[in-house]
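For chain A, the structure is supplied; the task is to place chains B and C on it using the hints.
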Amino acid sequence: MIEYLSSREFLILFVKMIAIFGGVMGALAYTTLVERRIMAFVQMRPGPNRVGPYGLLQPIADGLKFLFKEQTVPGSANVLLYYAAPILSMIPALLSFAVIPFGPELLIADVNVSLLLVFAITSLGVYGIVLGGWASNSKYPLMGAMRSSAQMLSYELSLTLSVVGVLIISNTLSLSELVRSQQGTWLGFLPKWNIFLQPVAFLVYLLSGIAETNRLPFDLAESEQELVAGWHTEYSGMKFAMFFLAEYANMVTVSALATIMFLGGWNGPFMGGPWWLQMVLPTFWFVLKIAGFLFVYMLVRATIPRIRYDQLMYFGWKVLLPLALANILVTSFFVAVL
Amino acid sequence: MIELLFFLFSAVALGSAINVLVQKHVLYSSLSLILLLTAMSGLFVLMQAEFLAVINVIVYAGAIMVLFVFVIMLLNLPPDEGGDDRLRWLKLIGIPMGLFLLFMVGRTVWNVEGTPTAPELSGTAQAIGASLFTDYLLPFELTSLLILIALMGAVVFAKKDL
Amino acid sequence: MIPLNWYLILGAALFLLGMLGFFLKRNIIALLLSVEIMLNAVNLTFVAFSSRNGQISGQIFVFFVLVVAAAEAAVGLALVIAMFRNRETLNVDRSNLLKW
Numbered sequence: 589m590i591e592y593l594s595s596r597e598f599l600i601l602f603v604k605m606i607a608i609f610g611g612v613m614g615a616l617a618y619t620t621l622v623e624r625r626i627m628a629f630v631q632m633r634p635g636p637n638r639v640g641p642y643g644l645l646q647p648i649a650d651g652l653k654f655l656f657k658e659q660t661v662p663g664s665a666n667v668l669l670y671y672a673a674p675i676l677s678m679i680p681a682l683l684s685f686a687v688i689p690f691g692p693e694l695l696i697a698d699v700n701v702s703l704l705l706v707f708a709i710t711s712l713g714v715y716g717i718v719l720g721g722w723a724s725n726s727k728y729p730l731m732g733a734m735r736s737s738a739q740m741l742s743y744e745l746s747l748t749l750s751v752v753g754v755l756i757i758s759n760t761l762s763l764s765e766l767v768r769s770q771q772g773t774w775l776g777f778l779p780k781w782n783i784f785l786q787p788v789a790f791l792v793y794l795l796s797g798i799a800e801t802n803r804l805p806f807d808l809a810e811s812e813q814e815l816v817a818g819w820h821t822e823y824s825g826m827k828f829a830m831f832f833l834a835e836y837a838n839m840v841t842v843s844a845l846a847t848i849m850f851l852g853g854w855n856g857p858f859m860g861g862p863w864w865l866q867m868v869l870p871t872f873w874f875v876l877k878i879a880g881f882l883f884v885y886m887l888v889r890a891t892i893p894r895i896r897y898d899q900l901m902y903f904g905w906k907v908l909l910p911l912a913l914a915n916i917l918v919t920s921f922f923v924a925v926l
Numbered sequence: 536m537i538e539l540l541f542f543l544f545s546a547v548a549l550g551s552a553i554n555v556l557v558q559k560h561v562l563y564s565s566l567s568l569i570l571l572l573t574a575m576s577g578l579f580v581l582m583q584a585e586f587l588a589v590i591n592v593i594v595y596a597g598a599i600m601v602l603f604v605f606v607i608m609l610l611n612l613p614p615d616e617g618g619d620d621r622l623r624w625l626k627l628i629g630i631p632m633g634l635f636l637l638f639m640v641g642r643t644v645w646n647v648e649g650t651p652t653a654p655e656l657s658g659t660a661q662a663i664g665a666s667l668f669t670d671y672l673l674p675f676e677l678t679s680l681l682i683l684i685a686l687m688g689a690v691v692f693a694k695k696d697l
Numbered sequence: 036m037i038p039l040n041w042y043l044i045l046g047a048a049l050f051l052l053g054m055l056g057f058f059l060k061r062n063i064i065a066l067l068l069s070v071e072i073m074l075n076a077v078n079l080t081f082v083a084f085s086s087r088n089g090q091i092s093g094q095i096f097v098f099f100v101l102v103v104a105a106a107e108a109a110v111g112l113a114l115v116i117a118m119f120r121n122r123e124t125l126n127v128d129r130s131n132l133l134k135w
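Residue numbers (our numbering), protein chains in the order written: chain A, 589 to 926; chain B, 536 to 697; chain C, 36 to 135.
For reference, chain A alone in the conformation it holds in the complex (with noise of 0.2 Å):
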């Protein structure tokens, strides 16, 4: 084992993963930051400003207050699980994206059934909320964290059957497989993404994605008009700092999955261009398309109300469920007579 540790191609591992982890955790600081500007802007107020030159230095800002918080762990709290719950949440967030291309050679472990094991890796943040909401032993956190692990739950399902149509056109569950699978244009200038196939699937799945990651319209769980703050009312300083970072943790997973599926992932116009620049290509156009995803979450939370408890339920499982499988049934229709 010593001698695979001192090899070339585990060093080359090591240098792409801390590329694609601080690239992410970079990413989601500044994600924090945009979604302020945005949601201030649809508000007609300048937001964040003030730190740093457009408020570039607004994250920096926000880590060190996390970082200097007084840590509070309420009375009656069980102690373990309440330590436990961000770090459950967190370690599912980060961990799908070592299976996630970011370019042709930059991703950390190509498996051939990653999409399946994101979709394993985020029912497991389930837990996080679920233990947090229980270990804070009051009754706020134990309402938000019934009713976002159950909303989560509902919507994992039309979210995975919403996925199959995909699977069918395509024949494989990799990642990697799935992006080269949409290579190329029809007619000469349409891209040969999947999302011109399958636009119902898409509709589907980014509806059962704004769902699953608790965001506006579907947080009731979270509220503030409500549940004070749901299930990490407790939580202050780093603890909180960390369910934060996971719920935007989960958003970018969400919707690069979307741009993996649906959009072409890597696939771009225009790939051509000096040995240095092919390299940087792939992953701008990959980022350029989870940055179009993050914008769209973040209009919609700026705009449209949120939904009501049961009426969210009653949209997953009597709308996008039947919806996600009658696309099933469509697709597999067409696959075999054409």
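Be aware that a few hints might be false.
Restraint ranges, calculated between C-beta atoms of paired labels, are given here [claimed, not checked]:
1. Ser679(B) - Val127(C): 27 to 35 Å
2. Gly89(C) - Tyr902(A): 44 to 52 Å
3. Gly860(A) - Phe542(B): 45 to 53 Å
4. Lys695(B) - Tyr902(A): 18 to 26 Å
5. Asn554(B) - Phe784(A): 17 to 25 Å
6. Asn554(B) - Ile679(A): 49 to 57 Å
7. Leu549(B) - Met859(A): 46 to 54 Å
Keep in mind that the hints were calculated from the coordinates and are not lab data.
Glycine is no exception: its CB is placed at the ideal position from the N, C-alpha and C atoms.
Chains B and C only, in chain A's frame:
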């Protein structure tokens, strides 16, 4: 390298199985069972059954155990008090007899011929799907009926007023 | 390559631990958890034999075991809720009204 991974996963599996039995509060037992399930998924990957490993996590650890944890939290149980005399005698005699049973089973199993007799198996989704939907189609359809029955049964049993 | 009998011994040990838990625990949810440990040990044995014989049927059987475990957990937990609602305790020793 692969032996190291096997020992790691089996140590985690055995440790969490023992923890399931030892803990007094049943919530900690179910969390240890989740750890056991992830260790089992690791062992499945070592045996080239990666599709099954991921399905194990999605279905078992991600859905069934969430159901367990929900019920435990909603019922809000106190931790178990210590058993009575009969239980203590049962444990005192039962555990050595169980170890003896393990010794007997292990002695029988130790001589099983271990070298693979067939070409390498790949537990990909294509392989499992090809077999599941052709040879085992009838059991597959019957399991969907089974789940429907279990669903109806669970709804009826948990109702407040029948 | 890991010899087959290591996996079988591990499966036997896990099955034994589940069996001990099933006989020695009094909380009904702990009994259900011990049954899940036993089913997992059986899954491990199935996959070990499937990878040794090169046939995929072992893994198909694991699918069916998984489905049965899910159905049994759902119905078992519904029964636990019904039992708790009537009796306020989850100790199986207290449910002895049918004992002669």
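_Pairwise beta carbon distance, Gly89(C) to Tyr902(A), judged against the given window 44 to 52 Å_ = holds (48 Å)
*Could you say whether the range 17 to 25 Å given as a hint is met by the Cβ separation of Asn554(B) and Phe784(A)?*
violated (51 Å)
*Could you say whether the range 45 to 53 Å given as a hint is met by the Cβ separation of Gly860(A) and Phe542(B)?*
At 50 Å between Cβs, range holds.
*Given a hinted range of 27 to 35 Å, is it respected by the beta-carbon distance of Ser679(B) and Val127(C)?*
holds (32 Å)
*Using the Cβ atoms, figure out if Leu549(B) sits within 46 to 54 Å of Met859(A).*
holds (51 Å)
*Note whether the CB distance of Lys695(B) and Tyr902(A) lies within 18 to 26 Å or breaks it.*
Holds, at about 22 Å.
*Between Asn554(B) and Ile679(A), does the beta-carbon spacing fit 49 to 57 Å?*
violated (19 Å)
The structure does not agree with the numbered hints 5, 6 stated previously, though it agrees with the rest.
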